[in-house]
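S.K.: Residue strings, one per chain:
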Amino acid sequence: MSAYESECCTADQPDATISLLTKKDFQSAQEVKWCPGCGDFGILSQVQNVLPKLGIPREKIVFVSGIGCSSRFPYYLNTYGIHGIHGRAPAIAMGVKCANPELSVWVVTGDGDSLSIGTNHLIHCLRRNLDLTILLLNNQIYGLTKGQYSPTSEFGKKTKSSPLGTIEQPIHPIPLALAAEGTFVARTVFADQAHLGKTIEAAARHKGTSFVEIRQNCVVFNDNVLGTFTDADTRGDHWIYLEQGRPIRFGKDGRKGLAMRGTQPEIVAVGEGGVREENLIVHDARGASNSQAYLLAGLAPPEFPTALGIFRQVEKPTYDDLLMDQIDDAIAKNGRGELAKLLNAGTTWLVE
Amino acid sequence: MVQAKLAKEKEFVQVRSATVRFAGDSGDGMQLAGSQFADIASMTGTVVRTLTDFPSEIRAPAGSLGGVSGFQLSFGDEEVRTPGDEPYVLIAMNPAALKMNLAELQPGGIVIVNEDEFTPGNLAKAAYSSNPLETGDLSSFRVIPVSMTRLNEEAVRPMNLSRKDAARCKNFFALGMTLWLYDRPLQPMLEWLMDKFRKNKAIMAANGASLRAGYNFADTAELFRVQHTVATARLPKGRYRRVTGNEAAALGLIAAANRAGRALVYASYPITPASEILHELSKHKEYDVRTLQTEDEIAACVAAMGASFAGAIGATGTSGPGLSLKAEGLGLAVMTELPMVCINVQRAGPSTGMPTKTEQADLLMAVYGRHGECPMPVLAAATPADCFQMTFEAVRLAVKYMTPVMLLSDSFLSSSAEPWRVLAPEELPDLRIAELPAGEDFAPYRRDPKTLSRPWVVPGTPKREHRIGGLEKLDGAGTVSYDAANHQRMVNLRAEKIAGISRDIPPAEVTGAKEGDLLVIGWGSTYGAIAAAVDELLHAGRRVAHLHLRYLNPFPANLGEILSKYERILVPENNMGHLCSLLRDRFLVNALPLPKVDGRTFRIREIQEHVETLLGGLFR
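Those sequence lines, one after another, are chains A and B. Anchor point for the first sequence: position 349 equals 349 in the numbering used here, and the numbering is continuous, going up by one each time. Anchor point for the second sequence: position 429 equals 429 in the numbering used here, and the numbering is continuous, going up by one each time.
The hints are simulated quantities; they were obtained by calculation from the structure and are not laboratory data. Wrong hints could be hidden among the right ones.
Just the calculated beta-carbon pair ranges, DEER-fashion [as the list claims (entries may be wrong)]:
(1) Glu57/B <-> Ala332/A: 40 to 46 Å
(2) Gly353/B <-> Gly245/A: 54 to 60 Å
(3) Ala495/B <-> Ala340/A: 35 to 41 Å
(4) Ala340/A <-> Glu440/B: 33 to 39 Å
(5) Gln148/A <-> Leu32/B: 55 to 61 Å
(6) Leu32/B <-> Pro317/A: 35 to 41 Å
(7) Glu154/A <-> Asp598/B: 51 to 57 Å
(8) Pro270/B <-> Lys333/A: 41 to 47 Å
(9) Gln30/A <-> Asn558/B: 41 to 47 Å
(10) Gln326/A <-> Arg225/B: 54 to 60 Å
(11) Ala434/B <-> Glu154/A: 44 to 50 Å
(12) Asp598/B <-> Gly156/A: 54 to 60 Å
(13) Gly353/B <-> Gly298/A: 33 to 39 Å
(14) Lys237/B <-> Ala332/A: 36 to 42 Å
Don't be surprised by glycine CBs; every beta carbon is placed ideally from N, CA and C.
Could you put the whole structure together from the sequences, leaning on the hints where they help?
M.R.: This is how it looks when you write it as structure tokens:
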């Protein structure tokens, strides 16, 4: 079974008319205004590819965003949408979902939006496990404000606001999402459209908060940030594709693998020095503990390649289900509230 | 030692109103004793208004000055409009309670003290160098020392409670004495105990025994020369209950959502003194009330807005610094033209300020405190029960005009209580809105020509998918627009929409002289004190009037005309002159401020005396 198949799904029962929806149905009339060459185009295209597959009527889909280049997303999708304020998209989405849990709610955000000004909301959304999908477009720079370093920019990065290099360590989105007990945590990259598409689809089908970090460039202010990926000759050495239940192998022809030495991961050459596939770490995004996901999320250059795929995928009750369960239970116990009864509650007396 | 003179025979004194304060350690149960007295006074036909005074510490050291908790009530005929300037009776359960409250007692008033607690240790904690019961310092009052701790212990002995549980009954001993003093029946209280403690018969019996013991002790020990009977009020017929401002606001939200046929989503972050709205709402889930305790104030504001986008009645509540954090979210709600309500229970600021003390200093922030041209309606409740009416009204305006609405309450209104005539649901306006006819050409910012409001089309509605957000909108189409002329037009439209609400609210009304020397204008919780002061002035033959604003933005359409009919305008406010500035700004009138920012409400006398001075200076 592929790691991207999942039993649960946020969609209503698909019907014939819905399954006839195509990518075109999700394209809005608004002119797309990202810079030519921006990774956002490919991400938008994959989202528009995925949406018709979900079997959800267009009017039941809501895209919510904050501020930043990525947050223009809702304008370009022919669904309901709110372009909100900086960092607050998860909180707006919470209100939307709690008002109508039947909606398929998406948050599109960026590294400045959700890892700086709105970090708080991201963490709390994840721990609550609201049933919504968060796409975090991480280009490691502030693009809309024209080129300042972002909270995910590498240490020492020279930008307009750090001409001598930054003096702060970057924040890492995947470990942060895992620490918040995210039930679906994945990373993909804009330059691999196939992987991007299936990761977004898996996220959309997960019930609970799905968090996807999408690594991308900023063609104007941070164009080379994914250089190791786009270089076809060496990219296999720098990136790992995680697959559920499979030993972790990478490099040309999968000759390299990831094994444990004591408590630390190490890169091994499969078939050399007695190293066999059985010695490798087997990827398990669904284990009881999320410690393996942490370990994989912590892999970073230059010592290690960067992992892509689903780090964590577990089922937990969602906030919106629990919220409505409490309401249903109260109605079952006390009957549907009648206003006259509420207003007359407590100690009352009659004036004749 | 000062002793009460013992009466030879009981007699009754008839008064129109009475003011009583219960004060003790925060663990002494004074809030319960006071609120029970208030219930009985209400049930026996008087108007009751209450005031609570909590220490800000959760558990200050027992017996300390910082730990004194107070509950004041005024009851009597319909002229009772405030919890009273000065108590006539003070029940002080320890030296600290005496010290903290004595200054406000009426000269000649009655002080009932629990003399058992006047130990050297407790006197030291209250910074008394000698026992005030023995020094003559209290000679201007009638002091009734009662051995309440000991008498209570004896009364509850048959129930074999723990020492701690036994001691906790003594508030009922004090309550029993007070009920006797004001000739109130014990029976409703005993019935309440039977219901409240039906699962703990020993506690029920003990509290009942202590209550009776206090009542009988007051009767037989002849501590008081006289019993007082208090005039009853002529109130409109109906069923009544006592509500605090926060309870009334919560009920108002549920009622409005119910009448709008929508779910209520109330998103809030805990903050004093607004939290009780969240607590109250979270009890009523069977009314489809969805309460979200969010991670911060900003999240609460925008979650409420998001809920409105999705078709619920979205509301949030806050106080003090929380309002500052909501400003950006409210701006988004103005731009997206989504209906939501923000209840701001004002407290003394700036910053953390005095979280348990009252103030009205958020008015200018409510009216102006957002970046850009960002108008929104601002309403203010005048009394605790009015919080119901105005919360309902806030929802009505929000959904009709597609706008966020700010409702101002304050710390005083939030915790004080008054009788409220329970409304039948049919008495409340129907807030359902007509759906756009199917097939009609749809644009998210195409306005209703009368109200200028845009349609509320929610996700789930087929073929009307649209995107909204904080960027400026093209008039009508609602797409993003940076066009210069369009921005000017949209700023104008948003302003006209809010200004037009003045045609949809009741005209301002004055009480008193229709024209004359002085108009006293107030808003919010100053209502009772101003109304009572102006009544007194009118009785004294002054040509004065009172106008109380419940709509601060926009003002009622006839306000300017009314202002022109008076020589002087005085604006008492628990701030440094916010409404006064607004009136000067909008009407170019020489309004005079009467500011008060000491964390307390106005006393009737403060306003009355100020007006007398002003009028005397003018005409004498």
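S.K.: Hint says 51 to 57 Å; check whether the CB-CB distance for glutamate 154/A and aspartate 598/B agrees.
M.R.: Between glutamate 154/A and aspartate 598/B, where Cβ atoms are some 55 Å apart, the hint holds.
S.K.: Between alanine 434/B and glutamate 154/A, does the beta-carbon spacing fit 44 to 50 Å?
M.R.: violated, 56 Å
S.K.: Look at the Cβ atoms of leucine 32/B and proline 317/A and judge whether their distance stays inside 35 to 41 Å.
M.R.: Holds, since leucine 32/B and proline 317/A (Cβ atoms, about 38 Å apart) stay within the stated range.
S.K.: For the pair glycine 353/B and glycine 298/A, does the Cβ-Cβ distance stay inside 33 to 39 Å?
M.R.: Violated, at about 45 Å.
S.K.: Between glutamine 30/A and asparagine 558/B, does the C-beta distance stay in 41 to 47 Å?
M.R.: With a Cβ separation near 46 Å, glutamine 30/A and asparagine 558/B satisfy 41 to 47 Å, so the hint holds.
S.K.: At the C-beta level, are glutamine 326/A and arginine 225/B separated by a distance inside 54 to 60 Å?
M.R.: Given a distance of about 57 Å, which is inside 54 to 60 Å, the answer is holds.
S.K.: Range hint 41 to 47 Å: satisfied by the CB atoms of proline 270/B and lysine 333/A?
M.R.: Cβ of proline 270/B to Cβ of lysine 333/A: about 26 Å, so the range 41 to 47 Å is violated.
S.K.: For the range 54 to 60 Å, tell me whether the beta carbons of glycine 353/B and glycine 245/A fit it or not.
M.R.: Holds: the Cβ-Cβ distance is about 58 Å, inside 54 to 60 Å.
S.K.: For the pair alanine 340/A and glutamate 440/B, does the Cβ-Cβ distance stay inside 33 to 39 Å?
M.R.: holds, 37 Å
S.K.: Taking 54 to 60 Å as the stated bounds, is the beta-carbon spacing between aspartate 598/B and glycine 156/A within them?
M.R.: holds, 55 Å
S.K.: Assuming the hint says 40 to 46 Å, is it satisfied by the Cβ distance from glutamate 57/B to alanine 332/A or not?
M.R.: holds, 41 Å
S.K.: Given the hint of 36 to 42 Å, is the C-beta distance from lysine 237/B to alanine 332/A inside that range or not?
M.R.: holds, 37 Å
The structure is inconsistent with the numbered hints 8, 11 and 13, although it conforms to all the rest.
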